Amino acid sequence: MDYRLNFDAVWRSFDLLLSGLALGLGLAIVSIFIGSLIGLIAAFAMLSKNKLWRGIAVAYVTAIRNTPILVLIFFTFFALPQLGVRLGKIESFVFTLTIYSGAYLTEVFRGGLIAIPPGLREAGLAVGLTEWGAQRWVIIPVMIRNVLPALSNNFISLFKDTSLAAAIAVPELTFYARQINVNSFRVIESWTVASLMYVFACYIIAAGLRLVERKLAIP
Amino acid sequence: MMSEPLLFIENLHKSFGKLEVLKGVDLTMNASDVVSIIGSSGSGKTTMLRCVNLLEEFHEGRILIDGEEIGYTLKNGKRQRLPKAQIARHRALTGMVFQTFNLFPHLTALKNVTLGLIKVRKMKKDEAAEVARHWLSRVGLLDRQDHYPGQLSGGQQQRVAIARAIAMNPKLMLFDEVTSALDPELVNEVLNVIKDLASDGMTMLIVTHEMRFAFDVSTKVIFMNEGRIGEQGPPAELFNNPKSKRLAEFIQNSTF
Numbered sequence: 031m032d033y034r035l036n037f038d039a040v041w042r043s044f045d046l047l048l049s050g051l052a053l054g055l056g057l058a059i060v061s062i063f064i065g066s067l068i069g070l071i072a073a074f075a076m077l078s079k080n081k082l083w084r085g086i087a088v089a090y091v092t093a094i095r096n097t098p099i100l101v102l103i104f105f106t107f108f109a110l111p112q113l114g115v116r117l118g119k120i121e122s123f124v125f126t127l128t129i130y131s132g133a134y135l136t137e138v139f140r141g142g143l144i145a146i147p148p149g150l151r152e153a154g155l156a157v158g159l160t161e162w163g164a165q166r167w168v169i170i171p172v173m174i175r176n177v178l179p180a181l182s183n184n185f186i187s188l189f190k191d192t193s194l195a196a197a198i199a200v201p202e203l204t205f206y207a208r209q210i211n212v213n214s215f216r217v218i219e220s221w222t223v224a225s226l227m228y229v230f231a232c233y234i235i236a237a238g239l240r241l242v243e244r245k246l247a248i249p
Numbered sequence: 263m264m265s266e267p268l269l270f271i272e273n274l275h276k277s278f279g280k281l282e283v284l285k286g287v288d289l290t291m292n293a294s295d296v297v298s299i300i301g302s303s304g305s306g307k308t309t310m311l312r313c314v315n316l317l318e319e320f321h322e323g324r325i326l327i328d329g330e331e332i333g334y335t336l337k338n339g340k341r342q343r344l345p346k347a348q349i350a351r352h353r354a355l356t357g358m359v360f361q362t363f364n365l366f367p368h369l370t371a372l373k374n375v376t377l378g379l380i381k382v383r384k385m386k387k388d389e390a391a392e393v394a395r396h397w398l399s400r401v402g403l404l405d406r407q408d409h410y411p412g413q414l415s416g417g418q419q420q421r422v423a424i425a426r427a428i429a430m431n432p433k434l435m436l437f438d439e440v441t442s443a444l445d446p447e448l449v450n451e452v453l454n455v456i457k458d459l460a461s462d463g464m465t466m467l468i469v470t471h472e473m474r475f476a477f478d479v480s481t482k483v484i485f486m487n488e489g490r491i492g493e494q495g496p497p498a499e500l501f502n503n504p505k506s507k508r509l510a511e512f513i514q515n516s517t518f
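Chains as they are written, first to last, in the working numbering: chain A, 31 to 249; chain B, 263 to 518.
Hints were generated in silico from the structure; no laboratory data involved. Keep in mind that the hints are not guaranteed to be accurate.
[What the hints assert, rightly or not] As a list, the in silico SDA-like pairs of lysine to any residue whose alpha-carbon atoms are at most 20 Å apart:
(1) A/Lys79 to B/Pro345
(2) A/Lys245 to A/Ile170
(3) A/Lys79 to B/Arg343
(4) B/Lys373 to A/Thr160
(5) B/Lys346 to A/Glu161
(6) B/Lys373 to A/Gly163
(7) B/Lys381 to A/Gln165
(8) B/Lys373 to A/Ile170
(9) A/Lys79 to B/Glu319
(10) A/Lys79 to B/Gly279
(11) B/Lys373 to A/Trp162
(12) A/Lys79 to B/Phe278
(13) B/Lys373 to A/Arg175
(14) B/Lys346 to A/Ile169
(15) B/Lys384 to A/Arg166
(16) A/Lys245 to B/Tyr410
(17) B/Lys387 to A/Gly163
(18) B/Lys373 to A/Pro171
(19) B/Lys433 to B/Glu266
(20) B/Lys433 to A/Glu152
(21) B/Lys346 to A/Glu152
(22) B/Lys346 to A/Arg151
(23) B/Lys384 to A/Gly163
(24) B/Lys373 to A/Leu246
(25) A/Lys245 to B/His409
(26) B/Lys386 to A/Arg166
(27) A/Lys79 to B/Lys346
(28) A/Lys190 to A/Ile235
(29) B/Lys373 to B/Arg395
(30) B/Lys373 to A/Ile248
(31) B/Lys387 to A/Arg166
In this text the structure is predicted, and so the values were computed from the model without any measurement.
So here's chain A without its partners, still in its complex pose:
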């Protein structure tokens, strides 16, 4: 072993790594927001009496959760254009990550909805709210607060999954780390710094989310 650590190349490109980190964070945020909407709708569909809705939701969740995310990324980026759907690489990746997170969040929300005591819906109805009003003002807000810890975990997972975007050359942190590695041959340095950046970012995100959880927790 005669490897001397030299971080110069990494520091020179550190702004790229930072911009990559920011992009990854952005991708994760957009995906979890839209994914949450999809997950919420699919969770209600899963619990609906309508067989068709239920069937669609189950098919969606089953298909997505049983396909590796890298395959989904490649499918959207390489296969969909063949079918006439052409997306830029960032859009393509956001689309994939959204669909992917939506499937996982469906399960989170479904569990959350099942756990709400039925009396709460009735109490909402009893004050004159419509069925939708009771969901909108009572059930969903209570459910979201209850599943917040699971939502946080999902968000952190999603953020780490953004590293897979490097596979289709989305310029996020992993992509730049590899670029620095290839250009400078500073293998250990580039991957060490990238790893540490992920660790720090996740740590800070987790701490922030815990604050939010505590603030929104039902006393």
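Use these hints to put chain B onto chain A, whose structure you have.
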């Protein structure tokens, strides 16, 4: 001219699958009446109350509140449940208090009361808060307005639930075994609130196992037995001179 009864129930039938729980109930209540429903578990008391609040569908019979038939309509001679928005409006004619309180856990006591006022009655926030404070103070909980349900005792939660229901200004209040889930020492604070509202002239239909309370507060007591009204009458008459053997037994086995 005879005034319209406030609540008119005619031939109410309700089944859960093959089990018929209500087998033709008739009941008339006038404004300011306080009617208590007693009877053993499974006699249909709670189900009847839930039918009046339209939380249960019923299969036969009619319920009229202040002359207006609620929940169902005849369309081409066929009985049909009304659309959801109509149901919600009819449901708001009554205020319901549940055995298990069912407060909205993510909202403070004040906001539990204002939610319906704002979203259903379309009041402005300030106006709703004022109404809510009035009722919270009536149930003795003004100082707890910013507490969440999880920070209140069972009795306090139930009093907030009463304030929440009555703030909506219903024509009829429904109480479904509202003290059954409470520790014994918390029962009276809730019953006293109900008595206080009764003395105001609020019309109330009360399902209860508290015989002493039913005796004290009611203008009429109804004994439900196997899905029918077994006996009814003024409390003194019903409790002191039960006509049926079933009621006599029930009273004997109840604690006062």
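Each hint, compared with the structure:
Proposed proximity of A/Lys79 and B/Pro345 is supported: the alpha carbons are some 18 Å apart, at most 20 Å. As the CA atoms of A/Lys245 and A/Ile170 are separated by approximately 17 Å, the hinted pair is consistent with the 20 Å bound. Using a Cα cut-off of 20 Å, the hinted pair A/Lys79 and B/Arg343 holds, with the two alpha carbons roughly 18 Å apart. Restraint check for B/Lys373 and A/Thr160: the C-alpha separation of about 18 Å stays at or below 20 Å, so the hint holds.
This hinted pair checks out: B/Lys346 and A/Glu161 have alpha carbons roughly 7 Å apart, not beyond 20 Å. The hinted pair formed by B/Lys373 and A/Gly163 meets the criterion: a straight-line CA distance of about 15 Å does not exceed 20 Å. About 13 Å separates the Cα atoms of B/Lys381 and A/Gln165, which keeps this hinted pair within 20 Å; it holds. Among the hinted pairs, B/Lys373 with A/Ile170 is consistent with the structure: their alpha-carbon atoms are about 16 Å apart, no more than 20 Å.
For the given pair, A/Lys79 sits about 17 Å from B/Glu319 by alpha-carbon distance, which is consistent with the 20 Å threshold. Taking the CA atoms of A/Lys79 and B/Gly279, the gap is about 18 Å. The hint holds against a cut of 20 Å. The suggested pairing of B/Lys373 with A/Trp162 holds, with an alpha-carbon distance near 19 Å, which does not exceed 20 Å. This hinted pair checks out: A/Lys79 and B/Phe278 have alpha carbons roughly 18 Å apart, not beyond 20 Å.
The straight-line distance between the Cα atoms of B/Lys373 and A/Arg175 is roughly 17 Å, inside the 20 Å bound, and the hint therefore holds. For the given pair, B/Lys346 sits about 18 Å from A/Ile169 by alpha-carbon distance, which is consistent with the 20 Å threshold. For the given pair, B/Lys384 sits about 16 Å from A/Arg166 by alpha-carbon distance, which is consistent with the 20 Å threshold. Restraint check for A/Lys245 and B/Tyr410: satisfied, since their Cα atoms lie roughly 14 Å apart, inside the 20 Å limit.
Between B/Lys387 and A/Gly163, the direct Cα distance comes to roughly 17 Å. Compliance with the 20 Å bound is thereby established for this hinted pair. A threshold of 20 Å between alpha carbons decides the hint, and for B/Lys373 with A/Pro171 the separation of about 14 Å falls inside it, so the pair holds. At most 20 Å may separate the alpha-carbon atoms for a hinted pair to count; B/Lys433 and B/Glu266 meet this at roughly 13 Å. Our distance criterion of 20 Å between C-alpha atoms is met by B/Lys433 and A/Glu152, whose separation comes to about 19 Å.
With a CA separation close to 14 Å, the supplied pair B/Lys346 and A/Glu152 stays within the 20 Å bound. Taking the CA atoms of B/Lys346 and A/Arg151, the gap is near 14 Å; set against the 20 Å cutoff, the hint holds. Between B/Lys384 and A/Gly163 the alpha-carbon distance is near 13 Å, which keeps this suggested pair within the 20 Å criterion. Note on B/Lys373 and A/Leu246: the hinted pairing holds, with a Cα-Cα distance of about 15 Å set against a maximum of 20 Å.
For the hint linking A/Lys245 to B/His409, the alpha-carbon distance of about 15 Å falls within 20 Å, and the restraint holds. As the CA atoms of B/Lys386 and A/Arg166 are separated by approximately 19 Å, the hinted pair is consistent with the 20 Å bound. Restraint check for A/Lys79 and B/Lys346: the C-alpha separation of about 16 Å stays at or below 20 Å, so the hint holds. Pair hint A/Lys190 plus A/Ile235 holds up; C-alpha atoms about 12 Å apart against a cutoff of 20 Å.
Between B/Lys373 and B/Arg395, the direct Cα distance comes to roughly 10 Å. Compliance with the 20 Å bound is thereby established for this hinted pair. A distance of roughly 14 Å separates the Cα atoms of B/Lys373 and A/Ile248; the hinted pair therefore holds under the 20 Å criterion. Among the hinted pairs, B/Lys387 with A/Arg166 is consistent with the structure: their alpha-carbon atoms are about 18 Å apart, no more than 20 Å.
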